[in-house]
Structures are given as C-alpha cells and as structure tokens.
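> For the record, the sequence lines run as chains A and B. FYI, the numbering for the first sequence is 97 to 272, going by the working numbering. FYI, the numbering for the second sequence is 3 to 267, going by the working numbering.
Interface residues of chain A toward chain B, partial, derived using beta-carbon atoms under 8 Å:
id	residue
1	E142
2	E253
3	T261
Stretch by stretch, here's where chain A covers chain B in the computed footprint (C-beta under 8 Å, at least three residues):
id	stretch
4	15 to 21
5	59 to 68
6	145 to 158
For the record, the hints were derived by calculation from the structure and aren't laboratory data. C-beta: ideal position from N, C-alpha, C; glycine also.
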Amino acid sequence: VTPEEESLLERARANDPQALAELYDAYAGRVYGYLYRRVSSPQVAEDLTGDVFVKVLEALDSGKPWRTAFRAWLYRIAHNVVVDWYRGQARIECEPLDSWDVPVGASMPDVMADQALRRALLTLTEQQQQVLVLRFGEGLKIREVAEILGKSAGAVEALQHRALTALREHYGGMTE
Amino acid sequence: VRTVQAERRLRAALDEIACRPAPSDARTFERDLGPRESSLLETADALRRTLAVPPPAPPNGLQESRQRFLARAAQPTTSPLPQRSSRVGRLLPALNLRLATQVVVAALLVLMSGAPLSREIVRAASTSVPGQVLYPLKIHVERVQVAGADQPDTRVALALAFLGERVAETQALLHRQAPLRDETRVEVQLLLNQLLRAVAETPDQALMSTLNYVAMQLEAHERVLESLHTLAPIADAQLVEQLTESLPTGAPHHRLRTARTHAFH
Numbered sequence: 097v098t099p100e101e102e103s104l105l106e107r108a109r110a111n112d113p114q115a116l117a118e119l120y121d122a123y124a125g126r127v128y129g130y131l132y133r134r135v136s137s138p139q140v141a142e143d144l145t146g147d148v149f150v151k152v153l154e155a156l157d158s159g160k161p162w163r164t165a166f167r168a169w170l171y172r173i174a175h176n177v178v179v180d181w182y183r184g185q186a187r188i189e190c191e192p193l194d195s196w197d198v199p200v201g202a203s204m205p206d207v208m209a210d211q212a213l214r215r216a217l218l219t220l221t222e223q224q225q226q227v228l229v230l231r232f233g234e235g236l237k238i239r240e241v242a243e244i245l246g247k248s249a250g251a252v253e254a255l256q257h258r259a260l261t262a263l264r265e266h267y268g269g270m271t272e
Numbered sequence: 003v004r005t006v007q008a009e010r011r012l013r014a015a016l017d018e019i020a021c022r023p024a025p026s027d028a029r030t031f032e033r034d035l036g037p038r039e040s041s042l043l044e045t046a047d048a049l050r051r052t053l054a055v056p057p058p059a060p061p062n063g064l065q066e067s068r069q070r071f072l073a074r075a076a077q078p079t080t081s082p083l084p085q086r087s088s089r090v091g092r093l094l095p096a097l098n099l100r101l102a103t104q105v106v107v108a109a110l111l112v113l114m115s116g117a118p119l120s121r122e123i124v125r126a127a128s129t130s131v132p133g134q135v136l137y138p139l140k141i142h143v144e145r146v147q148v149a150g151a152d153q154p155d156t157r158v159a160l161a162l163a164f165l166g167e168r169v170a171e172t173q174a175l176l177h178r179q180a181p182l183r184d185e186t187r188v189e190v191q192l193l194l195n196q197l198l199r200a201v202a203e204t205p206d207q208a209l210m211s212t213l214n215y216v217a218m219q220l221e222a223h224e225r226v227l228e229s230l231h232t233l234a235p236i237a238d239a240q241l242v243e244q245l246t247e248s249l250p251t252g253a254p255h256h257r258l259r260t261a262r263t264h265a266f267h
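Chain A with its partners taken away, still in its complex shape:
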C-alpha cells in the first residue's frame, strides 16, 4: 500500500465524503469485474457492486472497519454479497456462455477452448470456483484468499489443488 493509498484509506475510515468517492472510483471497477466473474450478468454485477459499497459504509458507521488489508476486506464483503445473492435466487439464471466476451482476434479453437474452460469452471463447487476466481481472476495471494474465506493458508492451498485437479479433469473431458 502506497502512502497515498494509506492516507486515502485513513480519510475514508473517518467518513470523509471526498475520500469515500475516491475510494469508490479506485475499487468499483475491480469489484465489478470480480462480481461479474461470479454471477455472469453485467446488470446483476453492477447492482451488487452498489450493495458492496453500501455495506462498506454500514461497516464504517457501526465502527467495524477493516483491521488489516483493505483489499481483502473488500473482497470478503463482495464474497458475502455474492453468497447472499445466490441464496436469494430461486433459480439461477446466467447469461448464455456463448455471449461471454472473448479476446479480440482470438482464433476459433481458442474461443472454443475458452468456453470449454468456463463451462468446466461452473461444474466445480462454489468454494472451488471462489478460490480459482480469486487466485487466477483477481491475482490475489494465498494469504489474501485465506483472509477473505476465513480459512488457513494451508486449507486454501489444498482447496486450490483439488479445484485445479477437478477443473483439469472436466476441461480435458470437454476438449477431447
């Protein structure tokens, strides 16, 4: 964390409106990206992004701000918001996988492999998906993922290993 970020976080912790606006601008895009990877709908991801930041304010109001890393704390809130959202869904409706964006200029085999991998990801358990998205989608370290999920680093490593093994098996089955 740079001194500027540290100062911003301190001002936000004291409910400074300007700092809160800057905090939103700095992190909303990242939170939206993470939520989109979890719910696969831009509209839902945008709505949930608002919910995440309202929960940040509620935590500040109730005197329960982040104690260690802000980023991990924020992802933890986002994680809880996603879990709540899934619980509230009688039937989960995701966007068709074929409509997901693919890299510009990607070849057809690349696109098919990409979609096969996304499908394989959806076959994993919620926690396995969570670990893989936080690790390989958000680029978080093992200890950050552990903090978000409330697990030990060793447990997250084991979860990651099982998730990758399962993903490899499903993905291999789909591409063969």
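Here the structure of chain A is known, so what remains is to put chain B in place on it, guided by the hints.
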C-alpha cells in the same frame, strides 16, 4: 524429500501464474516437474488467460451505484423521526436560549480545538431539527461538507442527501405537532441552487445518468412532501406547499438542462 521439493516448486509456479501482472504466452513456469504437476500448471495458466478477459462494460457505467453510495455516505444517521441516543442530544431541548447560544459557541470552539467531545456534539447535531440549539451546527457542518467536495457528482449527491434531511425534518416536526420554520424553506432553496450549480458542472459523459438520478431523488422527496399535506395544520400547510412546489420535478430534465445552459452563458 523429492515430493516435498516438487510440491514447493508447484506452489511457487502457481503463485507466479496467479500473481503475475498480465498473462502472456511466455511460459515462465517450465520446471523439473512430473506430468501431473505440469498439466495442473497448464490448466491454471489457461484459466488465468481466460479470466483475464475484461468483463463487459457495466450497463450504467457504475454511475448509479456511485450516486447511491455517495448519497448514503452523505446521510448522517438521521431517520425521518430522529431518535436521540446521545446524552447531549436528550438534554439540549430543555435548555433556554441564552444557554443554548453558549452551548453552540462552546461546540464550535471544541470543534476548532479538535477535542474528542466534538464528535459527540456533531453526532447530536446531526439528529437535530429546526428550532433546536444544535440545528445551526448541523447546517454549518453540511455546508462545510458541500464546500469541501471538489467533484460535481459528490456535490450533487450531498445536496440531494441534505434536501432529504430537510424533508425528513419537516416530517419529524409535523409528527411531533411542532411548528415548521421558514428557515427550512430558505435552506431548501440554497440546496437547490447548489444542486443546480453542481449539475451544471457535471461532465457531459456523466450528465444523463446524473439527471436521471437527480430526477428520481427529487420525485421521491416530492412524494414524501405530498404525503405530508394532509398532516400539516393550516398554519403550516402553506410552507409544505411551498416546499413541494420549489422542487424542480415537473419535466426535471428540461429544468436542470436549462440551469446548465444558463450556467455556461
């Protein structure tokens, strides 16, 4: 020993894949690993590249949730019927005017000195209503907040939130059967002027979402005020009417755009 070393290498390679700044075709994880570990790394690398594809742009550019966040941030913790939880807040209505003035001056001095008591007083002020001794402090704090915001959308959100406060205060006074005060009308007008100025300064790319949000919020305030018409005694009915009419809710986009045009000329 070989297994432990292999696990360590696998872990390091997974860390490299997960935490490197941007995925590329360069294979930096080729190590002395068995076929099972290598295939895990291949899978992780493929996943990293797949998840690195940027998500589609949010439908509203995250502006609506930004406005919602800023409006929520601007609200103290006042409910439509303010409940005083602090000891200071409960005691103050009983004080007489001279003492009240002294309390306000003392509060300002404490504020300037930055003593911890200032937080308690500001909290008590945030739930005050017109006619109470700490109300001028509440208005002062709000004005400082608006003046201190350097982004137009932050000022829009603050002005809307404080307009909501004026409406909530009006509602609280009527529920308590306490008389309304003309200063509410004056404050509402000042906030509307600040709101229009902030809208006028909004960048073009954010204007539409800002206008939609402002219109939505003003209509919500208007609905609350309209619901108060039946509640207001004859002496207060005219003021409620004036407050309702002062909100630019009829064709709000047109009125706000007109204000924006005037601001630029």
